[in-house]
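Starting from the known structure of chain A, arrange chain B on it as the hints suggest.
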Amino acid sequence: MSASLTPARPGRTLPQANVGSIARQYGIAIVFVALVIALCIVSEPFRTQANAMNLLRQNAVIGIMACAMTFAIILGGFDLSVGATAAAASVVAAKLMIGLDGDLPVSWGHIALGVIGGVAVGVLVGLVNGFLIAYVGVNPFVSTLGTMTIVRGLMYVWTNATPLFGVPFSFTELGLGSTFGIPNPFWIFLIVAIILSVLLSQTKFGHYVYAIGGNVLAAAEMGINVRRIRLGVYLTTGLCAAIAGIILVGQTATGQPAGALGYELTAIAAVIVGGASLSGGYGRMTNTIVGVFLLGVVSNALNLFGVSPFWQPVATGTILVIAVAIDSAAARSAQVAR
Amino acid sequence: MTAMKAQQAPTAQSGSGPAPVLRAIGVSKRFGAVTALEDVSIEVIPGEIAGLVGDNGAGKSTLIKILSAVHRPDAGTIEFEGKPVSFTSPAEARAAGIETVYQDLALAGNMPVWANIFLGRERTRGRRLPLLDKRGMAEEARRMLERFHMNVPPMDALVASLSGGQRQAIAIARAAAWGSKVIIMDEPTAALGVAETRAVEEVILGLRERGFGLLIISHNLDQVFRLADRIWVLRRGRLIGMRRRSETNPDEIVAMITGAELVARTERAQ
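Protein sequences, first through last, are from chains A and B. Mapping of the first sequence onto my numbering: position 132 corresponds to residue 141, and the numbering continues sequentially without gaps. Mapping of the second sequence onto my numbering: position 220 corresponds to residue 418, and the numbering continues sequentially without gaps.
Source of the hints: derived by calculation from the structure; they are not laboratory data.
For lysine-lysine, the following DSS-like pairs were computed, each having C-alpha atoms within a straight-line distance of at most 30 Å:
(1) A/K213 - B/K332
(2) B/K379 - B/K281
(3) B/K379 - B/K332
(4) A/K213 - B/K379
(5) B/K263 - A/K213
(6) B/K281 - B/K263
Pulled out of the complex, with its shape left as it was, chain A reads as follows (with noise of 0.2 Å):
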């Protein structure tokens, strides 16, 4: 009556599956935690509240970034312009902030239209980029690179390439203030890192955005507006790029035409390393998060040692291909196994 339709060896199978996926799925998070353990027992000045506090207020920016890249990479894509959008961002909101023609008293109504503004910022950027790659069909990549140069040009031409002074001191309350003893930035990365959880593992848009990353022809199929769906995508990282922008701001009291400069990398690789796939379909948002504070964590260790910061973009590369290589090669030894 029912005829077998299980692989032929169920029960070797699926246990041997499970083990790779617990591995893929926790693997990042048992590193990460390892880490921190040994740097812990290894180093003093490492394991002091003060530290810890740092590690918070100097991952924020990035991590507020590899959130929304995380539904862009599901997706299929990525986003190389959100360290442009995140310097554009700061630049049009310290402008706003200071005040157009720079002799007017600076009031609470100033700073409110520079958030504005900001924010502003990446959705324009945003909607530029899903256009392009959800209705006109351009490749992310050349996309997002061409909005990088284009909005990075822009700003230095406008700039004259040259930090804008003037921010009103108490703006840095948002970047360099803390609450109940956790530093500002911090909760903001927490608030916009809730949401976007939320959003990609509890709705049907982040629920599509796996569809489409994983078979977007199936998902056309059965009916789900692909376009519209991208074009969201590339608003949030967008959206988040600015609010990275504007805590640039309140960490500097500056616009900074050449602030975030390569931030879109690292939050690409911290999305990687938290075990996403670059060709879509796979990734989730707690491993994104443990991949920042892993990249953070390790640059923050090499600094305490008094390691040259130029070998800090070693070690980020050489974790993000171990972490690739290692996930490419359960992923083949899985393929053999079936």
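Only chain B this time, still in chain A's reference frame:
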């Protein structure tokens, strides 16, 4: 000529048995200078399997794409449940109850079984903040699959980890799950081994028992004779004829597919 015309509407006037749920009447389709279909009529009857056969390029794919509203016919009409319809998109045809299972299956391998069953039809709970009802969907998906006598995989298993037969069964079960009345299948067992082919055929026969109207394209004549109640033969965009399985044999169908029958018939007419 008159003999062929009579064959094109074999059951409509006969009055016996259930009325067709889906009909194409005199459908033609051209792509530029190429005539893909010329005056083709075909019927799908509830509780029966219609087998659509023909050589490569005979127009089988074009015909099912017209029936599932991927293409629109240049001439002729489509009737669904006795009424003429003109769907503007596959989504509309699907919403009305015409499901199509293509060879690519339209499954997302990176997603669990339940998510594929519900793909594009997800359920949410909570009105102000609509969140996915994952547990509810998984339970419902299990019940849907169990209805088809199939050995049900775990609902949380990723579709990429399943066998080809399981994937096919999930695609077919999904097509049958949403109040559909007609299921069109393009080569449902093309990529499967012998045992899995039989298992999928059992699922298809189960659908016939449940009263679905089924239309199956297959290159495998043995399979057509195992499954189909009526066999419709296309050749070079024209309907050559329909045969009841009980009144024909593979030799005759092969002759119709290759054109030998047509030549003989034309000679006789002259």
